[in-house]
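My request is simple: use the sequences and hints to build the entire structure.
From first to last, the protein sequence lines are chains S and X.
When we follow the numbering used here, the leftmost residue of the first sequence carries the number 17, and every step to the right adds one.
When we follow the numbering used here, the leftmost residue of the second sequence carries the number 696, and every step to the right adds one.
Hints in this document: simulated from the structure, not taken from any laboratory.
Among these hints, one or two may not hold up.
Each computed SDA-like pair below joins lysine to any residue, with the alpha-carbon atoms no more than 20 Å apart [said to hold, decoys possible]:
{"id": "1", "chain 1": "S", "residue 1": "Lys-411", "chain 2": "X", "residue 2": "Gln-964"}
{"id": "2", "chain 1": "S", "residue 1": "Lys-292", "chain 2": "X", "residue 2": "Asn-1075"}
{"id": "3", "chain 1": "S", "residue 1": "Lys-411", "chain 2": "X", "residue 2": "Ala-974"}
{"id": "4", "chain 1": "S", "residue 1": "Lys-292", "chain 2": "X", "residue 2": "Thr-1073"}
{"id": "5", "chain 1": "S", "residue 1": "Lys-411", "chain 2": "X", "residue 2": "Arg-978"}
{"id": "6", "chain 1": "S", "residue 1": "Lys-411", "chain 2": "X", "residue 2": "Leu-700"}
{"id": "7", "chain 1": "X", "residue 1": "Lys-960", "chain 2": "S", "residue 2": "Pro-417"}
{"id": "8", "chain 1": "S", "residue 1": "Lys-303", "chain 2": "X", "residue 2": "Asn-1008"}
{"id": "9", "chain 1": "S", "residue 1": "Lys-63", "chain 2": "S", "residue 2": "Pro-42"}
{"id": "10", "chain 1": "X", "residue 1": "Lys-960", "chain 2": "S", "residue 2": "Ser-421"}
{"id": "11", "chain 1": "S", "residue 1": "Lys-411", "chain 2": "X", "residue 2": "Glu-963"}
{"id": "12", "chain 1": "X", "residue 1": "Lys-960", "chain 2": "S", "residue 2": "Ser-368"}
{"id": "13", "chain 1": "S", "residue 1": "Lys-63", "chain 2": "S", "residue 2": "Trp-30"}
{"id": "14", "chain 1": "S", "residue 1": "Lys-136", "chain 2": "S", "residue 2": "Asn-126"}
{"id": "15", "chain 1": "X", "residue 1": "Lys-960", "chain 2": "S", "residue 2": "Ile-419"}
{"id": "16", "chain 1": "S", "residue 1": "Lys-201", "chain 2": "S", "residue 2": "Trp-254"}
{"id": "17", "chain 1": "S", "residue 1": "Lys-335", "chain 2": "X", "residue 2": "Leu-700"}
{"id": "18", "chain 1": "S", "residue 1": "Lys-303", "chain 2": "X", "residue 2": "Gln-840"}
{"id": "19", "chain 1": "S", "residue 1": "Lys-335", "chain 2": "X", "residue 2": "Arg-978"}
{"id": "20", "chain 1": "S", "residue 1": "Lys-411", "chain 2": "X", "residue 2": "Glu-1031"}
{"id": "21", "chain 1": "S", "residue 1": "Lys-411", "chain 2": "X", "residue 2": "Ile-1039"}
{"id": "22", "chain 1": "S", "residue 1": "Lys-356", "chain 2": "S", "residue 2": "Ser-368"}
{"id": "23", "chain 1": "S", "residue 1": "Lys-393", "chain 2": "S", "residue 2": "Glu-353"}
{"id": "24", "chain 1": "S", "residue 1": "Lys-185", "chain 2": "S", "residue 2": "Gln-223"}
{"id": "25", "chain 1": "X", "residue 1": "Lys-810", "chain 2": "X", "residue 2": "Ala-739"}
{"id": "26", "chain 1": "S", "residue 1": "Lys-296", "chain 2": "X", "residue 2": "Gln-743"}
{"id": "27", "chain 1": "S", "residue 1": "Lys-296", "chain 2": "S", "residue 2": "Leu-309"}
{"id": "28", "chain 1": "S", "residue 1": "Lys-411", "chain 2": "X", "residue 2": "Leu-975"}
{"id": "29", "chain 1": "X", "residue 1": "Lys-960", "chain 2": "S", "residue 2": "Leu-414"}
{"id": "30", "chain 1": "S", "residue 1": "Lys-303", "chain 2": "X", "residue 2": "Phe-761"}
{"id": "31", "chain 1": "S", "residue 1": "Lys-411", "chain 2": "X", "residue 2": "Phe-972"}
{"id": "32", "chain 1": "S", "residue 1": "Lys-258", "chain 2": "S", "residue 2": "Ala-158"}
{"id": "33", "chain 1": "X", "residue 1": "Lys-960", "chain 2": "X", "residue 2": "Ile-1039"}
{"id": "34", "chain 1": "S", "residue 1": "Lys-335", "chain 2": "S", "residue 2": "Gln-21"}
{"id": "35", "chain 1": "S", "residue 1": "Lys-303", "chain 2": "X", "residue 2": "Thr-1073"}
{"id": "36", "chain 1": "X", "residue 1": "Lys-960", "chain 2": "S", "residue 2": "Arg-412"}
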Amino acid sequence: MSALQSFRETAREWLEVNCPPSMRTPMVQDEIVWGGRQAQFKNPDSKLWLQRMAAKGWTCPTWPSDYGGGGLSVDQAMVLGQEMARIGARPALTSFGVSMLGPVLLQYGNDQQKAEHIPKIVRGEIRWCQGYSEPGSGSDLASLKTRAERQGDHYLINGSKVWTSYADKADWIFCLVRTDLDVPKHSGISFILFDMASEGITTRPIQLISGSSPFCETFFDNVRVPVSNLVGQLNDGWTIAKRLLQHERTMISGFGLADSQADRGGTTSVLASPEKAAMKYRGDREKLSDPVLRDHIARFKIDSEAFSLTSHRAVEESKQAQGPNTTSSMLKYYGCELNKRRYELLLQAIGSQSLGWEGEGFNDDELRIAREWLRSKANSIEGGTAEVQLNIVAKRVLGLPDILSLLNK
Amino acid sequence: MGLVLTQEQQLLRDAAKNFCTQHAPVSVLRHLRDSADSVGYDQALWQQMVELGWPGMAISETFGGFDFGYSGLGIVLEECGRTLLSSPLIASVLLGAAAINRLGTSAQKKELLPKIVSGELILAFAHDEGPVHRPGTIATTANRQAEHYVLEGRKCFVLDGHMAQKILVVARTSGATDELCGRSVFVIHADQSGVSVHRTQMVDSRNCANVVLKNVVVGQESQLGGAEISPQDLDLVLDTARIGLSAEMLGSALEVFERTVDYLKQREQFGVLIGSFQALQHRAAIMYSELELCRSAVLAALAALDDPQRSANDIARLASISKAKLSETAELVSNEGVQMHGGIGMTDEFDIGFFLKRARVAQQFLGDASFHRDRYATLNQF
Ligand SMILES: Cc1cc2nc3c(=O)[nH]c(=O)nc-3n(C[C@H](O)[C@H](O)[C@H](O)COP(=O)(O)OP(=O)(O)OC[C@H]3O[C@@H](n4cnc5c(N)ncnc54)[C@H](O)[C@@H]3O)c2cc1C
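As structure tokens, this is what we get:
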């Protein structure tokens, strides 16, 4: 038996014993585990599941075991993922620390920073938020204005961020700040970490079209941050910022995989797949009776399958290339478009039953679809818009001339 | 899962690429067209391809082949697609040899496969009967009369039909025209009495023919496998060819795309390179994304053909995913190739038009995108 095969057996046995039955059911929105100081566990099994997974380091399977991670190879982590999917196991922990900050901190942080932050991310003890976008700086992120001025062993931070997801619930923030005003915009940015409980921080939630209010305006008024919280070199934050975005984009592109995963696990409700929903709401037995919708769904599913294969291929290729590369922009672009297509098809499949906002006449799944459809529109905005991803592909992958540097000449 | 090439496969790709670009650039096809060549492919080149072992790539050593699998053959086909290399590789090897391999008795394999590997024997595969690919519907009949079968019918879109020595004919030995059961495959001689072959000139300048069968008498031994073919087995033959053809289409689509992106970096208008216009950049980036998906689909489908664990249903799904995706993308990329070149893209002197023409023929052969989406939906029970 190969080493990988025996790892599979061990993982399978461990999951069999340790994954509580209620953690093998489809995830519901209000049971997602984000961790943090104020973590709430609506379902007590979620807490148990997190503790068990964290003890093995399997919340962050490939991170070094020195810092509490699982210490697994990419192949082993893939096997673990497959074994979890096999039993329909929920993710034990969902967090920006895991998907965004951790990987760059491991790459660019110093020993002390890693020792302080990584284990807490693995165990879900500290919840992180992302302080990138500002009112005047979205796609043109590098134009950001939030300032950090050195005062002895501290930086004094002033300015504001916007669209900061979960800023009101997060314990710490990883933040882009301007540390030099007199150089080209990309060369005066630093990457800094600080506690959201610090004096001078206020957050104000903003409501989304889907009705929930996960993101905030965030204001910094003379926030004092120790100099030792700066990650990497002073004024070299843009390198780290971009690297983090690649991780974020890879994570977001996973939305495009949702459909095929639901098919594989077979655990999600009928409403997860457009074709099943369409047949159910039309009372069709063997064949979907609307030929046009059938064709659109087939095209969507074919693209989804080809996309999933491409994501697997990117993982295989990144084993050679050390982490995500420029394909992360292509995957982000395509995965988000796919997820949006999925929800549009679901609306067509379910008809007016998918358009309820609240109250009677609709079941929970139907109401959920309406909200998720609205939420999916953000996929091609958050983490860099679709257009920005296409710009990156054109420039970095295809080597086409950069329109912006031409304009700014 | 075969999504990344092994070192051996990379070497094969490099060798195939070298051969195609050095010995078989698009100008070879142009010359065949302009000289109204009666064979329709370059025989000296074919001889070299035989020497490189390409016809035997997916044939087992028992029958004189090289056991490199369909993944190997796919790599070669992709490179052939890049230079639009016209050769018997599709008709004789991808369809013909695959049919014999999957359906033939061991005597038939022993007799025919080594000759395909050595290039002595060129086959054609006569399946379609109308302008649209409908594999369920076969009107050509083969009636049993004592020790013989008598074939009657008409076939069209028969690749290499006019110069193949033998033609594999899909004919009905029982059942109604649109029944899935009751089909057989017969190996007939092209010069046999009652067989008339008419070459058709297609837009892609490759070889095609209509074949009429009138009172064609063949012995029982010419029935592949000595029996009617199960619908699944015949599908497997067609799927093998669909996947291989998708690999060829991938090569052609990548080539048009790369040539187009190169042009965006050369041509200036309004004082800047046209590649700096975002309207073109985004369309190029979208094509790049689609092509990446195409590559994954083709690699996975080829690997499935070589994996004895995969079910026929798995292969059918992957074949339809590949052929649907490649047909759509070939259309997109070949159209954009012409558009982004502007006027020069419309000239015969420029090669882009050859890619556009080949794309459409390949799209329709063995089922276009809508055929395969319909089939995919059926395979997935919706
Ligand atoms: C749900 C959600 C959660 C988010 N969470 C966070 C978070 O936690 N932290 C954080 O920092 N940010 C977050 N964001 C912000 C997100 O990163 C920005 O919204 C995004 O980068 C776009 O910036 P903008 O909103 O200012 O749009 P703009 O940049 O103003 O864009 C407006 C439109 O112009 C287009 N455009 C802009 N520039 C170009 C160009 N060069 N070429 C072509 N088209 C262009 C855009 O594609 C878009 O269509 C979140 C956003 C959403 C929707």
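To see whether the hints hold, each was checked on the structure:
With a C-alpha separation of about 19 Å, the suggested pairing of S:Lys-411 with X:Gln-964 holds against the 20 Å cut-off. Between S:Lys-292 and X:Asn-1075 the CA atoms are separated by roughly 10 Å; this keeps the pair inside 20 Å, and the hint holds. Distance check on the hinted pair: S:Lys-411 and X:Ala-974 sit about 13 Å apart at the alpha-carbon level, within 20 Å; holds. Simply put, S:Lys-292 and X:Thr-1073 have alpha-carbon atoms about 13 Å apart, close enough for the 20 Å limit, and the pair holds.
Among the hinted pairs, S:Lys-411 with X:Arg-978 is consistent with the structure: their alpha-carbon atoms are about 13 Å apart, no more than 20 Å. Under the criterion of a C-alpha separation no larger than 20 Å, the hint pairing S:Lys-411 with X:Leu-700 is inconsistent with the structure, at around 26 Å. A hinted pair counts as satisfied when its Cα atoms are at most 20 Å apart, and X:Lys-960 with S:Pro-417 qualifies at roughly 8 Å. With a C-alpha separation of about 18 Å, the suggested pairing of S:Lys-303 with X:Asn-1008 holds against the 20 Å cut-off.
Our distance criterion of 20 Å between C-alpha atoms is met by S:Lys-63 and S:Pro-42, whose separation comes to about 16 Å. At most 20 Å may separate the alpha-carbon atoms for a hinted pair to count; X:Lys-960 and S:Ser-421 meet this at roughly 16 Å. For the suggested pair S:Lys-411 and X:Glu-963, the alpha carbons sit about 17 Å apart, so the restraint of at most 20 Å is met. A distance of roughly 49 Å separates the Cα atoms of X:Lys-960 and S:Ser-368; the hinted pair therefore is violated under the 20 Å criterion.
Taking the CA atoms of S:Lys-63 and S:Trp-30, the gap is about 17 Å. The hint holds against a cut of 20 Å. Taking the CA atoms of S:Lys-136 and S:Asn-126, the gap is near 16 Å; set against the 20 Å cutoff, the hint holds. Taken as a hint, the X:Lys-960 and S:Ile-419 pair is honoured in the structure, with Cα atoms around 13 Å apart against an allowance of 20 Å. The suggested pairing of S:Lys-201 with S:Trp-254 holds, with an alpha-carbon distance near 10 Å, which does not exceed 20 Å.
Using a Cα cut-off of 20 Å, the hinted pair S:Lys-335 and X:Leu-700 holds, with the two alpha carbons roughly 14 Å apart. With a CA separation close to 41 Å, the supplied pair S:Lys-303 and X:Gln-840 exceeds the 20 Å bound. This hinted pair does not check out: S:Lys-335 and X:Arg-978 have alpha carbons roughly 30 Å apart, beyond 20 Å. Taking the CA atoms of S:Lys-411 and X:Glu-1031, the gap is near 19 Å; set against the 20 Å cutoff, the hint holds.
For the proposed pair S:Lys-411 and X:Ile-1039, the alpha carbon gap of about 25 Å is over 20 Å, so the pair is violated. The suggested pairing of S:Lys-356 with S:Ser-368 holds, with an alpha-carbon distance near 18 Å, which does not exceed 20 Å. Note on S:Lys-393 and S:Glu-353: the hinted pairing holds, with a Cα-Cα distance of about 9 Å set against a maximum of 20 Å. For the hint pairing S:Lys-185 with S:Gln-223, the CA-to-CA distance comes to about 15 Å; that is within 20 Å, so the pair holds.
Of the pairs offered as hints, the one joining X:Lys-810 and X:Ala-739 holds, with about 17 Å between alpha carbons and a cut-off of 20 Å not exceeded. The hinted pair formed by S:Lys-296 and X:Gln-743 fails the criterion: a straight-line CA distance of about 58 Å is larger than 20 Å. At roughly 14 Å between alpha-carbon atoms, S:Lys-296 and S:Leu-309 fall within 20 Å of each other, so this suggested pair holds. Restraint check: the Cα-Cα separation between S:Lys-411 and X:Leu-975 comes to about 12 Å, which is no more than 20 Å; the hinted pair holds.
For the proposed pair X:Lys-960 and S:Leu-414, the alpha carbon gap of about 10 Å is at most 20 Å, so the pair holds. With a C-alpha separation of about 43 Å, the suggested pairing of S:Lys-303 with X:Phe-761 is violated against the 20 Å cut-off. Proposed proximity of S:Lys-411 and X:Phe-972 is supported: the alpha carbons are some 12 Å apart, at most 20 Å. A C-alpha spacing of about 10 Å is found between S:Lys-258 and S:Ala-158, which places the hinted pair at or below 20 Å, so the restraint holds.
For the suggested pair X:Lys-960 and X:Ile-1039, the alpha carbons sit about 16 Å apart, so the restraint of at most 20 Å is met. About 19 Å separates the Cα atoms of S:Lys-335 and S:Gln-21, which keeps this hinted pair within 20 Å; it holds. For the given pair, S:Lys-303 sits about 8 Å from X:Thr-1073 by alpha-carbon distance, which is consistent with the 20 Å threshold. The hinted pair formed by X:Lys-960 and S:Arg-412 meets the criterion: a straight-line CA distance of about 14 Å does not exceed 20 Å.
Hints 6, 12, 18, 19, 21, 26 and 30, counting from the list given before, are not met by this structure.
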